[in-house]
Amino acid sequence: EPEVTQTPSHQVTQMGQEVILRCVPISNHLYFYWYRQILGQKVEFLVSFYNNEISEKSEIFDDQFSVERPDGSNFTLKIRSTKLEDSAMYFCASSEALLSSGSRETQYFGPGTRLLVL
Amino acid sequence: AQKITQTQPGMFVQEKEAVTLDCTYDTSDPSYGLFWYKQPSSGEMIFLIYQGSYDQQNATEGRYSLNFQKARKSANLVISASQLGDSAMYFCAMRSYGGSQGNLIFGKGTKLSVKP
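As given, the protein sequences belong to chains A and B, one line each in that order.
Going by the numbering used here, the first residue of the first sequence is number 54, and it counts up by one from there.
Going by the numbering used here, the first residue of the second sequence is number 80, and it counts up by one from there.
No lab work stands behind these hints: they were computed from the structure.
Using N, Cα and C, we set each Cβ at its ideal position, and we do this for glycine too.
Treat each hint with caution, since some may be false.
[To be verified] Distance condition first, Cα-Cα at most 20 Å in a straight line; then the derived EDC-like pairs of lysine to aspartate or glutamate:
#, chain 1, residue 1, chain 2, residue 2
1, B, 82, A, 54
2, B, 190, A, 97
3, A, 95, B, 101
4, A, 131, A, 115
5, B, 187, A, 97
6, A, 95, B, 123
7, B, 82, A, 112
8, B, 82, B, 108
[To be verified] Coverage of chain B stretches by chain A, computed from C-beta distances (three or more under 8 Å per stretch; other residues unrestricted):
#, stretch
9, 109-118
10, 186-192
Looking at chain A on its own, in the form it has when it is part of the complex (with noise of 0.2 Å):
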């Protein structure tokens, strides 16, 4: 069964310096999206994507935050300058299709990865 990948599963960093997470959607999905999670806190929306450019994204998606489909499979979240408060579980997901598409819409999580900020 298709699933949404994610690299690495775990990143430690320093304060201060650029992450690139990676993920690899469904194959046939079009819609994209990045969540993270605070520990013990509830999933939070980042950004959503579409089309190669950016659908809609939150107030934590500041200017320290980017995404990026460099190629037809990968699907990339930046982030240029860590801060401590960065150190959560980011999740991507996928979507074949968004609004009112019935089952069609939902959206497919990848495995996460696990970022801790120093």
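Mind docking chain B on chain A? Use the hints.
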């Protein structure tokens, strides 16, 4: 404002019994989708079940069913015949389309523990 509320931080259930996890939602949009995800201790988010706001019947997926009461704005997850492997965090989430691209809004989750 859109909101998901899960009022049960933790639940216990005996193995082989059924359990209901509560979820209420708030949206002014007539078109929305409701989802449940399972998060085991390993951390991944596993999709369980989907309910569309215009669906006439309650969704079912194997041992999972969704008790959808639109007038009360509730979407409770029912797990029948609980298994030890069902022990996990469970998140209710919603996509609502009024002026939005439909990102998911999550509740705080319910931690389910299945006792042998």
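Cross-check of the supplied hints:
For the suggested pair residue 82 of chain B and residue 54 of chain A, the alpha carbons sit about 32 Å apart, so the restraint of at most 20 Å is broken. For the given pair, residue 190 of chain B sits about 18 Å from residue 97 of chain A by alpha-carbon distance, which is consistent with the 20 Å threshold. This hinted pair checks out: residue 95 of chain A and residue 101 of chain B have alpha carbons roughly 16 Å apart, not beyond 20 Å. Only pairs whose Cα atoms come within 20 Å are accepted, and residue 131 of chain A paired with residue 115 of chain A is accepted, the gap being roughly 11 Å.
Taken as a hint, the residue 187 of chain B and residue 97 of chain A pair is honoured in the structure, with Cα atoms around 10 Å apart against an allowance of 20 Å. Distance check on the hinted pair: residue 95 of chain A and residue 123 of chain B sit about 13 Å apart at the alpha-carbon level, within 20 Å; holds. For the suggested pair residue 82 of chain B and residue 112 of chain A, the alpha carbons sit about 17 Å apart, so the restraint of at most 20 Å is met. For a cut-off of 20 Å, the pair hint linking residue 82 of chain B to residue 108 of chain B stands: about 12 Å separates their Cα positions.
Under a criterion of three residues with beta carbons nearer than 8 Å to beta carbons of chain A, the stated coverage of the stretch 109-118 of chain B is upheld, 4 such residues being counted. Residues of the stretch 186-192 of chain B with a Cβ under 8 Å from some Cβ of chain A number 3, which satisfies the need for three, so the listed coverage holds.
Checked against the numbered hints given earlier, the structure breaks only hint 1 and satisfies all the rest.
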